[in-house]
Each structure stands twice: as structure tokens, then as C-alpha cells.
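Spelled out from the first residue to the last, the chains are:
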Amino acid sequence: MSARSDLLLSIADDELIVGWRDSEWTGIAPTLEEDVAFSSIAQNEIGHARALYELAAAELGTNADALAFDRAPDEYRCAPLVELHLLEWAHTIARRYLYEEADRVRIDALMRSDDPELAGLAAKIDREETYHRMHAEMWAERLRDEPRFRAAVEELWPYALGVLEPELRPELARRVGLEPATAKERGEHTPDLAELWNEMTEVRRSEPGAEW
Amino acid sequence: MVTAEQVWEAFEEIPDPEIPVISLVELGVIRDVTVDGDRVHVAFTPTFLGCPALEVMKRALEEKVSALGGDPDVEVVSDDAWSTDRISAAGHEKLRAAGFAPPAPRAAGPTTLVELRSKAFRCPYCGSTETTLENIFGPTPCRSIRFCESCRQPFEQFKTI
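Residue numbers (the working numbering), protein chains in the order written: chain V, 1 to 212; chain U, 1001 to 1161.
A hint or two may mislead.
If you only want the chain V side, here are some residues facing chain U, beta carbon under 8 Å, derived [stated by the list, open to error]:
#	residue
1	Thr26
2	Ala29
3	Leu121
4	Arg127
5	Met134
Stretch-level coverage of chain U by chain V, calculated; a stretch enters the list once three of its residues show a Cβ under 8 Å from a Cβ in chain V [as the list claims (entries may be wrong)]:
#	stretch
6	1047 to 1053
7	1077 to 1091
8	1108 to 1119
9	1131 to 1138
These are computed hints drawn from the structure, not numbers from a lab. Owing to the predicted nature of the structure, the values given are computational and were not obtained by experimental measurement. Glycine is no exception: its CB is placed at the ideal position from the N, C-alpha and C atoms.
Please model the entire structure based on the sequences and the hints provided.
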């Protein structure tokens, strides 16, 4: 597999899995506004995953659905941050905030890529992400002095670093104002991913080859 | 043989699947139509990448081309060429008349939370700018929810992207 496909799959897997996790708040978020916000954000992230999978699929001779659903859990390249099953609000907001900050650093780098397809898609994704960042910023501002939120941010910080390639990490640390730490690296999955995968692919596995 | 003009005209009849007051041409999502013999190549840009109406729009474009006797080849181009600035002036007016506040023009930089919380957005019902942000997100990815303090009416605001 080319370095390009490898990169595309890492980002697409992050977006698919974080979108899945965000969608877990649909129907049960603490307020109606957040129910709508998390559902909408999830829809956008999964839309980004689809576009990224399509670019990779064109190179790998497959399609977006097959990449999203037909691989085994250990073939996914997502970062541990997005895998965590966090049905607790402080941790959920901490992940949204840290993921958006890390994703911003990554998208900025992709927009400067000399691959026009990748740079163009990154610019499109960036326009949508503007609204996710505002949502995260709004919550981070509101919870800044809450000990539960601070503790969640610190707990998830090594995971957030693992979203990015090492050379992009200092920029993330600068943006969120935290000291560099040992990252929870991409490559080794948490047990939460297998559980998520089981649920996410269940319908598709029930009728292999069906046209939905 | 079908001409590009005929194809554009036919596309003006396709309503946006979620906001049927506006056509796909007014929405600005059709980037290019090229006719080569029977083959009609259409370059089409999604508004939001996760928009569930994407497939419906693509199919509607293919059906219109087929109805004109052409062989459709619809290409979905996912770059940043589409922005809400591509919605035509007629499109803006139709949105407003249907109770959707049209998107504000894109500024040099990305939209900020400070801007969304400002009084720069006009109520589509009474025209007042005494409106507040209720939720950055709304019933579809492309809309936010605002509330008009003057006529006490919540309304949907198109996001600027």
C-alpha cells in the first residue's frame, strides 16, 4: 500500500470512528441542543470519512463501503483517542475539544500538500470543521475551570498526541497549552474498538454482498 | 443531439431534495456540463460532504440527462470550489421567502463564534437584526438555529461555508 493510501485510511478511520462515537449521543445527550449538535457533527465526520475512503478506494481498486466495513478490526488505522467508549459528558467534551484541535493541525498540513486532490478535499473539510471547532471552543470556554473537565483533558492528552505524526505534535501542545507527553500511539487498538466494530458492521455482515 | 444549454435548462427544474424552493442550479452545485456526442459529463460538487441528499441529487441529474436522450456521466468533485457564495441572488430570495435566512457572504477568514453571536443576522420573517444564536447546528448540516427577539420567532440560518 502506498504512503498516500496509508495516510488517507488513517484519517478516514479516525473520522469514521469518532463520528460513530459522537452519534452515540443521539437521543440521550444532556440537552436537546447537544443532541442535535452531536448528531450533526457525527454526520459531517462520517461524510469526511466517506470522501477520504473514496480517494483511497480509487487507488486500491475497491469502494468506500468495503473500506469502512469489510476490514477486520486490527486492519483499522484509527488512533486510540477516537476508539474510547466515553458515555460521560466531561470526557466526551474533552475528546471533542482535543480531537478538533489535533484535526485542525492535521488539516492545515494537508491543505499545504502538493497533491491537489488531497489539498482540495482538506480545504473542503476545513470549511465544515470550522463549525465543529466553534462548538468545541464554546464548551471548552464554559468548562475551563471545572475540575472534572480539566482532569478529563489531562487524562486524554496522551491519546490526543497519538492522533498526529510526531512532527505535528509540538503545534498541538502549543495550541492547547499542555506540556509534551508520551503519546498513545496509533497501531495498538483498545478493546473498545472491537466492541464498536461488532456493532458497526453487524448489519452489513448479516447479508454479505447485499446492495443496501 | 442534446446541447449543454438544454441540459442546464433541465437542471433548473431539479429542486434541492431538502429545501425544494431552490433548484440545484440556483444552489450553485453544478459546476460544469460538457457534451461529447451522446455522452453528457456533469461535474457536481456536494454542499456538505455528509449531506444525505447527495445520492438523490446525483440520481436526479442522471435522470434528467437520460430524459433528454443523453448518456449521463455525473462526477462528484470533492474539492473546496463550492461555497455558500455560489448560491445565486434568485436563490437567496427564494430561501428568504420560504423562511430560511440565506447565508451571509464569506469573509476573508473563516466564520467565528463571535460573529455568530453578533447581531449581524437578519430574521427572514420581520427583517429585524435583533436575533440570537440558539444552536450552531440544526436539522441539517447546512443550517444553524437562531431566535428573533423582535417577532419572537425561531428560524433556520444557512451556515456560511
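How the hints compare with the structure:
Given the 8 Å rule on beta carbons, the hint for Thr26 (chain V) is violated: about 12 Å separates it from the nearest Cβ of chain U. Contact between Ala29 (chain V) and chain U, as hinted, is not supported at the beta carbon level, the nearest pair being about 11 Å apart and thus beyond 8 Å. Taken as an interface hint, Leu121 (chain V) checks out: its beta carbon lies about 5 Å from the nearest beta carbon of chain U, inside 8 Å. Using the Cβ-Cβ criterion of 8 Å, the hint placing Arg127 (chain V) at the interface with chain U is satisfied: the shortest such distance is roughly 4 Å.
Interface restraint check: Met134 (chain V) against chain U, minimum CB-CB distance 5 Å, threshold 8 Å, status holds. Given as covered by chain V, the stretch 1047 to 1053 of chain U passes the check, having 5 residues with a CB less than 8 Å from a CB of that chain where 3 are the minimum. Counting residues of the stretch 1077 to 1091 of chain U whose CB lies closer than 8 Å to any CB of chain V gives 6, so the stated coverage by that chain holds, three being the minimum. Using a Cβ-Cβ cut-off of 8 Å, 5 residues of the stretch 1108 to 1119 of chain U lie near chain V, which meets the minimum of three, so the contact claim holds.
Requiring three or more residues with a Cβ within less than 8 Å of a Cβ of chain V, the coverage given for the stretch 1131 to 1138 of chain U holds, as 5 such residues are present.
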